[in-house]
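Residue-level listing of the chains:
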Amino acid sequence: MKRALLLLIASCAWSQSGIDVPAIGMIVDPSGSLRAVQGVAGNFLLGAPLAAGVLSAACSEQLCLAKTDSKILSATGQVDAPPGPAEFGFDRDTAVIFFPASQTFARWHDDTLELLDWAVDDAVLSIRVGDHGIEIALRRDWAGVTNGPVLLLKEGVLFATADELLLRHRDGSVLTFELTDAESITSLGPHYAAIRALDRTFVLRLEPEHEQLFLLPGSTP
Amino acid sequence: MKWIVILALLLPIAARAQIALYVINGSIATPAGAALDLGRIAAGDTVNTRLRIKNNGTSLANISRVSADGIGFTIDRLSVPFPIAPGSAQDVLLSFRATTPAVYNANVQVNSQINNVTAIAVVTVVNGPSLTVFPVCTGSDGPPPAIDFGRAQAGQLRLCNFYLQNTSAQPMPIATFQVTGSAFRISSGPKAPFIIAPGETTAFVIDFTPGAAGLYSGSLAIETRTFVLSGTAFDSPLPKPLLEFDSGPVQSAQQRRLTMRLPSAAPAAASGFLNLAFTPDTTLVTDDPAVVFLATGTRTLPFSVTQGGTQILISGQTSAMFQTGTSSGRIRFTLTGISTDGDPTTTLTIPPALLSFDTTTATRRTGNLDIQMIGFDNTYAAGAMVFTFFDTSGQALQPGAILADFTQAFRAFFSKTQAGSAFQVRVSFPVTGDTSGIAGVDMKLSNSAGTTTTHLTFK
Numbered sequence: 001m002k003r004a005l006l007l008l009i010a011s012c013a014w015s016q017s018g019i020d021v022p023a024i025g026m027i028v029d030p031s032g033s034l035r036a037v038q039g040v041a042g043n044f045l046l047g048a049p050l051a052a053g054v055l056s057a058a059c060s061e062q063l064c065l066a067k068t069d070s071k072i073l074s075a076t077g078q079v080d081a082p083p084g085p086a087e088f089g090f091d092r093d094t095a096v097i098f099f100p101a102s103q104t105f106a107r108w109h110d111d112t113l114e115l116l117d118w119a120v121d122d123a124v125l126s127i128r129v130g131d132h133g134i135e136i137a138l139r140r141d142w143a144g145v146t147n148g149p150v151l152l153l154k155e156g157v158l159f160a161t162a163d164e165l166l167l168r169h170r171d172g173s174v175l176t177f178e179l180t181d182a183e184s185i186t187s188l189g190p191h192y193a194a195i196r197a198l199d200r201t202f203v204l205r206l207e208p209e210h211e212q213l214f215l216l217p218g219s220t221p
Numbered sequence: 222m223k224w225i226v227i228l229a230l231l232l233p234i235a236a237r238a239q240i241a242l243y244v245i246n247g248s249i250a251t252p253a254g255a256a257l258d259l260g261r262i263a264a265g266d267t268v269n270t271r272l273r274i275k276n277n278g279t280s281l282a283n284i285s286r287v288s289a290d291g292i293g294f295t296i297d298r299l300s301v302p303f304p305i306a307p308g309s310a311q312d313v314l315l316s317f318r319a320t321t322p323a324v325y326n327a328n329v330q331v332n333s334q335i336n337n338v339t340a341i342a343v344v345t346v347v348n349g350p351s352l353t354v355f356p357v358c359t360g361s362d363g364p365p366p367a368i369d370f371g372r373a374q375a376g377q378l379r380l381c382n383f384y385l386q387n388t389s390a391q392p393m394p395i396a397t398f399q400v401t402g403s404a405f406r407i408s409s410g411p412k413a414p415f416i417i418a419p420g421e422t423t424a425f426v427i428d429f430t431p432g433a434a435g436l437y438s439g440s441l442a443i444e445t446r447t448f449v450l451s452g453t454a455f456d457s458p459l460p461k462p463l464l465e466f467d468s469g470p471v472q473s474a475q476q477r478r479l480t481m482r483l484p485s486a487a488p489a490a491a492s493g494f495l496n497l498a499f500t501p502d503t504t505l506v507t508d509d510p511a512v513v514f515l516a517t518g519t520r521t522l523p524f525s526v527t528q529g530g531t532q533i534l535i536s537g538q539t540s541a542m543f544q545t546g547t548s549s550g551r552i553r554f555t556l557t558g559i560s561t562d563g564d565p566t567t568t569l570t571i572p573p574a575l576l577s578f579d580t581t582t583a584t585r586r587t588g589n590l591d592i593q594m595i596g597f598d599n600t601y602a603a604g605a606m607v608f609t610f611f612d613t614s615g616q617a618l619q620p621g622a623i624l625a626d627f628t629q630a631f632r633a634f635f636s637k638t639q640a641g642s643a644f645q646v647r648v649s650f651p652v653t654g655d656t657s658g659i660a661g662v663d664m665k666l667s668n669s670a671g672t673t674t675t676h677l678t679f680k
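So the sequence lines, in the order shown, correspond to chains D and S.
End of the first sequence = 221 in my numbering, gap-free, step of one.
End of the second sequence = 680 in my numbering, gap-free, step of one.
Take every hint as true, because none was put in to throw you off.
Which bits of chain S does chain D cover? Going by a derived footprint, with three or more residues having C-beta under 8 Å, they are:
1) 506-515
2) 543-553
3) 594-602
What the hints contain is simulated information worked out from the structure, not anything from laboratory work.
All values reported here derive from a predicted model rather than from experimental measurement.
Even for Gly, the Cβ is constructed at its ideal location relative to N, Cα and C.
This is chain D alone, in the form it adopts within the complex (with noise of 0.2 Å):
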């Protein structure tokens, strides 16, 4: 009888919140442009650039950040940062960034970058921070997998040999996309990666039972 009232009341209530197209993510275009991209999977449309010479780009569900040569920019703001391209790790509203060219860790919040203590010796593939900690995907871990880009992902590990785009989940199993010359994988957003493969860039849906390749339109000029 009190679920009853209480879903009564409910049933004069109800609002909805306002209808968006749908957010997928953000992604650096072949000419360096952010973009956001919008739609369903199979249909995808490219929003107007956003800011020009980012070289490395980045989503989870509540944060996209995108890196110029000298700042890491996001929807709130910017930050100096070392020089040079990104690998971003997120965990939720922050993030863990390894800058390449300095061999350097951070920590990103609220357009804040705290440098970390941290040092490695390989060239860092992926980063993922996860609830039992943070994971990081070094080359060497993976020398006798793949010379190719690397996705750590919550659902398992994207990653890309010279003809072959390969979805592994933590259940072992692996699922196969004909995909070659895959030369850089990042997070899109919470349930798509970006591949840039020459002049393309696919997009790979995640969601289990989902999972497929798709194209972005206007990736070639």
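For chain D, the structure is supplied; the task is to place chain S on it using the hints.
Chain S only, in chain D's frame:
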């Protein structure tokens, strides 16, 4: 006294030099002199000569007369008087036509307040050959006389047959008989010089063989007459290209592959553009911007085929990917820039479909139950929703089905964004007290294609 006489003689000479008459040939101006020989023309033909009246002096000249007095002569008279500033000039066109063989002359006169210029124009009219043009070409007497070879396929031969006749009572010597123009050639007929006897006829043929599409011109000179030759060439039509798609039913939110091939070998190399256009079924939007070729994010791609080939390359690739968008309607593929043996236009119909969701989530917050949906409605008619909440034992909670209608909100959103029908929306149900016993919700979401039923479990 002697000096005075000399000066008196010089003055008219100096004065005559101020207004001068020239004959214009192309861009070259030649002083006309006392006699203007306009040459020989065939009876019935027209000869045009451009004359230039130039003020070589330092003072303004008022031209009071420009005339050509003689049978058959005309001049495009300007309204006189008119001024010519120092150093400036005015061109006029002197024309002549007569139908009777004879020598004709006219007194060409230009008067001004400074000096007058006169010249005698002379034309010899002779009996010219009569040219008969047979179809498929067409002739005109002009001026200038012309022969049009019409439209021909590039690389193909088009023949025109002619009769050349001497209609006079005297033998007609033909010293000049030649064709100019890269695509034109006399393929049969007499060789100059030759004589056409009175009343006789001789036949000849001119070939028009254009190498590529374009406009062609040339000339046919027969003694006193010159005919302008013209023709237009178009590319060889390709066999009607076949536009083919990867297998499977065509629906919204797909990325599809298009290939193009010819049913038989291309007769010549060809290139053009592959275009797509989209017409939505709904009137709420005028287009769906996601319907594009993926390679460029545009609606036009170049294509090409080599001579003898059947594979058509699109942007240099064997196929092209495109998105079908999120609107029911028709995607129309057309080819431009080539001639084809039949219209290759191909239309794909995107059928209306039930609401489709990429992501649906149900979450509890303090005081709220949130339902978020990300999907699309290719009918643009979404809005009617029914929610039924369940407890952990699967029993429907009171008051049962809760109806919500967001139709107007969806219509306003689609109309405003003009970005297809993809949407994300969150519906919140305010609740007081403990919501942990609410386990799930059934949703029925309707559009014009039907109703989609989804069950969500609260997290």
